[in-house]
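Here are the chains, one letter per residue:
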Amino acid sequence: MNSNISHAHGHDEHEASKFGMWLFIFTELLLFGGLLIVYAVYRYRNPAAFQLAGEELDVMIGTVNTVILLISSMTMAMSITAIQKNDRRMALIFLGTTIFLAVVFMVNKYFEWGEKISYGFFPDTTSLHELGQGTILFFGLYFVMTGLHALHIIIGVVFIGYILFKVQKSEIHSGNYYLLENGGLYWHLVDLIWIFLFPLFYLIH
Amino acid sequence: MSEHKSHVTGYRTHLMVLAALLVLTSITVGITRLELGPLNTTAAMLIAGLKAFIVLAWFMHLKFESAFYKIMVTLVFILFLLILLVTFFDYWFRT
Numbered sequence: 027m028n029s030n031i032s033h034a035h036g037h038d039e040h041e042a043s044k045f046g047m048w049l050f051i052f053t054e055l056l057l058f059g060g061l062l063i064v065y066a067v068y069r070y071r072n073p074a075a076f077q078l079a080g081e082e083l084d085v086m087i088g089t090v091n092t093v094i095l096l097i098s099s100m101t102m103a104m105s106i107t108a109i110q111k112n113d114r115r116m117a118l119i120f121l122g123t124t125i126f127l128a129v130v131f132m133v134n135k136y137f138e139w140g141e142k143i144s145y146g147f148f149p150d151t152t153s154l155h156e157l158g159q160g161t162i163l164f165f166g167l168y169f170v171m172t173g174l175h176a177l178h179i180i181i182g183v184v185f186i187g188y189i190l191f192k193v194q195k196s197e198i199h200s201g202n203y204y205l206l207e208n209g210g211l212y213w214h215l216v217d218l219i220w221i222f223l224f225p226l227f228y229l230i231h
Numbered sequence: 038m039s040e041h042k043s044h045v046t047g048y049r050t051h052l053m054v055l056a057a058l059l060v061l062t063s064i065t066v067g068i069t070r071l072e073l074g075p076l077n078t079t080a081a082m083l084i085a086g087l088k089a090f091i092v093l094a095w096f097m098h099l100k101f102e103s104a105f106y107k108i109m110v111t112l113v114f115i116l117f118l119l120i121l122l123v124t125f126f127d128y129w130f131r132t
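From first to last, the protein sequence lines stand for chains A and B. Letter by letter, the first sequence follows residues 27 to 231 of the working numbering. Letter by letter, the second sequence follows residues 38 to 132 of the working numbering.
Note that these hints are calculated values from the structure, not bench results. A portion of the hints provided could be inaccurate.
[Unchecked claim] Stretches of chain B that chain A covers, calculated by requiring three or more beta carbons in the stretch to come under 8 Å of a beta carbon on chain A: (1) 44 to 57; (2) 60 to 66; (3) 75 to 81; (4) 88 to 98; (5) 117 to 127.
[Stated by the list, open to error] Derived BS3-like pairs (lysine-lysine); straight-line CA-CA distance at most 27 Å: (6) A/LYS195 to A/LYS44; (7) B/LYS100 to A/LYS44; (8) B/LYS107 to A/LYS44; (9) A/LYS192 to A/LYS44.
Computed from a prediction, not measured in an experiment: that's the story for all the values here. Cβ atoms here follow ideal geometry from the backbone N, Cα and C, with glycine treated the same way.
Could you put together the complete structure from these sequences and hints?
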């Protein structure tokens, strides 16, 4: 009797935690969605400046980072498969790979931003002010939107690191892995946002 | 947890989803090399939408969730598109 109650409780808890995660994802989608509308309006009003400024971005580094994020999304999804199959070792390998790929993404971002900043494409520099309103808006949005996305990557690394620790200690296992599922949902959200940021900033033509 | 009827997605499926996403990414990069005018952005956004759908359906497991989650996610995207549309009605017809 008692075990039945706790069993049902565990199921409800699982549903509630998943539902909560989705609600959080909706707020995140509307946060980035709001920024996307700001981007759309400014680009509509400064099409030529946005195109010129967009060509300053490195398509190669953007593409490489897109591929890295897509692969990391897959390894994150695979870690759930591994846990479901009761394969703790593979789950740890997949989670470690995801964290590694996230760090590589951030290293690329560091070099990319460093280059832009050394060229003076940074908010409130005199060289940027000389280039006019449209360019200022483009680089302002570029740093805010990819910066906010990068912040989500850093939080994701901490979150997945915590999950990896829990899997290591067998606190996450094939009978109870909703924290891992929520970590997966969060990480795919970060991927989802990048899917839109990449063409909007790097591939303007 | 016997009552937790979770759907197990195999490694192969995950690999195929990744392959589809990588193909779509290379198509997006390829399209922007062509001179299509404003169609470039439209095409890039349509492909991004398709990639988002694939990520939501398979990686985020929505394909195997109840209709409740599917409807909610659809509504959020419709809400976003409506806000975008209403904003542009203002800019298009501003004199």
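Here is how each hint holds up against the structure:
no. : hint                : in the structure
1   : 44 to 57            : holds (count 8)
2   : 60 to 66            : holds (count 3)
3   : 75 to 81            : holds (count 3)
4   : 88 to 98            : holds (count 8)
5   : 117 to 127          : holds (count 5)
6   : A/LYS195 to A/LYS44 : holds (22 Å)
7   : B/LYS100 to A/LYS44 : holds (15 Å)
8   : B/LYS107 to A/LYS44 : holds (13 Å)
9   : A/LYS192 to A/LYS44 : holds (18 Å)
Of the numbered hints stated above, none is contradicted by the structure.
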